[in-house]
Amino acid sequence: MSEAYFRVESGALGPQENFLSLDDILMSHEKLSVRTEIPMPRLGAFFLDRSGGAETDNAIPETFVGRFRRIMDSSQNAYNEDTSALVARLDEMERGLFQTGQKGLNDFQCWEKGQASQLTASNLVQNYAKRKFTDMED
Amino acid sequence: MDAAEVEFLAEKELVTIIPNFSLDKIYLIGGDLGPFNPGLPVQVPLWLAVNLKQRQKCRLLPPEWMDVEKLEKMRDHERKEGTFTPMPSPYYMELTKLLLNHASDNIPQADEIRTLIKDVWDTRIAKFRVSADSFVRQQEAHAKLDNLTLMEINTSGAFLTQALNHMYKLRTNLQPSDSTQSQDF
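Read top to bottom, the protein sequences are chains A and B. The first sequence: position 75 = 528 (our numbering), numbered continuously. The second sequence: position 76 = 107 (our numbering), numbered continuously.
By construction, these hints were calculated from the structure, which means they are not laboratory data. Remember, predicted model here, so these are calculated numbers, not experimental data. Take these hints with a grain of salt, some might be off.
Claimed, not checked - Within a straight-line C-alpha distance of at most 25 Å, the following computed SDA-like cross-link-like pairs (lysine to any residue) qualify: (1) B/Lys158 with A/Pro514; (2) B/Lys200 with A/Ala512; (3) B/Lys111 with B/Ala174; (4) B/Lys200 with A/Glu490; (5) B/Lys158 with A/Gln562; (6) A/Lys566 with B/Pro94; (7) A/Lys556 with B/Lys200; (8) A/Lys566 with B/Asp98; (9) B/Lys149 with A/Arg523; (10) B/Lys200 with A/Ala507; (11) A/Lys566 with B/Glu44; (12) A/Lys556 with B/Leu40; (13) A/Lys556 with B/Asn178; (14) B/Lys200 with A/Leu501; (15) A/Lys566 with B/Ala35; (16) A/Lys556 with B/Ala157; (17) A/Lys484 with B/Ala189; (18) B/Lys175 with A/Thr553; (19) B/Lys104 with A/Glu565; (20) B/Lys101 with B/Lys128; (21) B/Lys128 with A/Asn530.
Bound-form chain A, shown alone (with noise of 0.2 Å):
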């Protein structure tokens, strides 16, 4: 006889939490601070070596204080133009702030446009439109 009731797994430790699951649902969302070792057996003496030491430590943060203005600029007066040759040398994380700033900037001169107020078909839906009758005879 098949169960009338399945346990629905969380997917927390996946990809997405899953909506019907009742361990997600009773989930809290604090963040934890987690520190992550990872061993790399050996390696220590090679690391060590290669260190600049206590006064390169700020290079990185240092590095993102002086892309920081670029970031800004580019991705706030790029309006509708092809943006690849603006984020071709920004890693990820970077990208990710990029289009925050054109996310707020189309936004805002969609708005100022007036399409804020304007009824327009999804993508999907001008899609089925272009589907010729010749596709569905097959």
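Knowing the structure of chain A, use the given hints to seat chain B on it.
Okay, now just chain B, sitting in the frame of chain A:
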């Protein structure tokens, strides 16, 4: 927030209209409006003003600050000052856009006004970026920017907070503290 949501909040601002109809006072949840008498100015929220104008039931009066000379002075003042100057309305962009789009016939020199307001906006957004850049460069913990409007914050703010979050993570990674425990995963 979307720009459209900021506009929604802006539509609560009061503007003056001259109705061409009669209506007794109406009692809405947000407050009382009216009574309305033809030819007599009355203050109503922007959302109602725009609606009545679209239905050709009123004429809109431009706010006192929506005047070419005053806006020119405001633009020059904003360009001169390093900090943000107080704006005549916390919703100056939204008011300008709605009034000029729906009632440009009631507003003298509408085109010049549109250009002047855009100039003021561009100057202020440029200042915001300069402030954001110096904030990040000097790695400050606090900043205070007076006289910003919600639309300006909403357009440029998300970028700044995301960048600052990232800076924070980069900086705290430099000092491994004993309080962070590693967990088996």
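Verification of the hints:
Of the pairs offered as hints, the one joining B/Lys158 and A/Pro514 holds, with about 24 Å between alpha carbons and a cut-off of 25 Å not exceeded. Pair hint B/Lys200 plus A/Ala512 holds up; C-alpha atoms about 14 Å apart against a cutoff of 25 Å. Using a Cα cut-off of 25 Å, the hinted pair B/Lys111 and B/Ala174 holds, with the two alpha carbons roughly 21 Å apart. Among the hinted pairs, B/Lys200 with A/Glu490 is consistent with the structure: their alpha-carbon atoms are about 17 Å apart, no more than 25 Å.
Restraint check: the Cα-Cα separation between B/Lys158 and A/Gln562 comes to about 19 Å, which is no more than 25 Å; the hinted pair holds. Restraint check for A/Lys566 and B/Pro94: satisfied, since their Cα atoms lie roughly 22 Å apart, inside the 25 Å limit. Only pairs whose Cα atoms come within 25 Å are accepted, and A/Lys556 paired with B/Lys200 is accepted, the gap being roughly 23 Å. With a CA separation close to 23 Å, the supplied pair A/Lys566 and B/Asp98 stays within the 25 Å bound.
Annotation: proposed proximity of B/Lys149 to A/Arg523 holds, straight-line Cα distance about 23 Å (limit 25 Å). Our distance criterion of 25 Å between C-alpha atoms is met by B/Lys200 and A/Ala507, whose separation comes to about 18 Å. For a cut-off of 25 Å, the pair hint linking A/Lys566 to B/Glu44 stands: about 21 Å separates their Cα positions. Straight-line distance between C-alpha atoms of A/Lys556 and B/Leu40 comes to about 21 Å, which keeps the hinted pair within the 25 Å bound.
Proposed proximity of A/Lys556 and B/Asn178 is supported: the alpha carbons are some 24 Å apart, at most 25 Å. A hinted pair counts as satisfied when its Cα atoms are at most 25 Å apart, and B/Lys200 with A/Leu501 qualifies at roughly 23 Å. For the proposed pair A/Lys566 and B/Ala35, the alpha carbon gap of about 12 Å is at most 25 Å, so the pair holds. Distance check on the hinted pair: A/Lys556 and B/Ala157 sit about 17 Å apart at the alpha-carbon level, within 25 Å; holds.
For a cut-off of 25 Å, the pair hint linking A/Lys484 to B/Ala189 stands: about 21 Å separates their Cα positions. A C-alpha spacing of about 22 Å is found between B/Lys175 and A/Thr553, which places the hinted pair at or below 25 Å, so the restraint holds. Restraint check for B/Lys104 and A/Glu565: the C-alpha separation of about 24 Å stays at or below 25 Å, so the hint holds. Of the supplied pair hints, the one linking B/Lys101 and B/Lys128 holds, its CA atoms being roughly 18 Å apart against a limit of 25 Å.
Restraint check: the Cα-Cα separation between B/Lys128 and A/Asn530 comes to about 21 Å, which is no more than 25 Å; the hinted pair holds.
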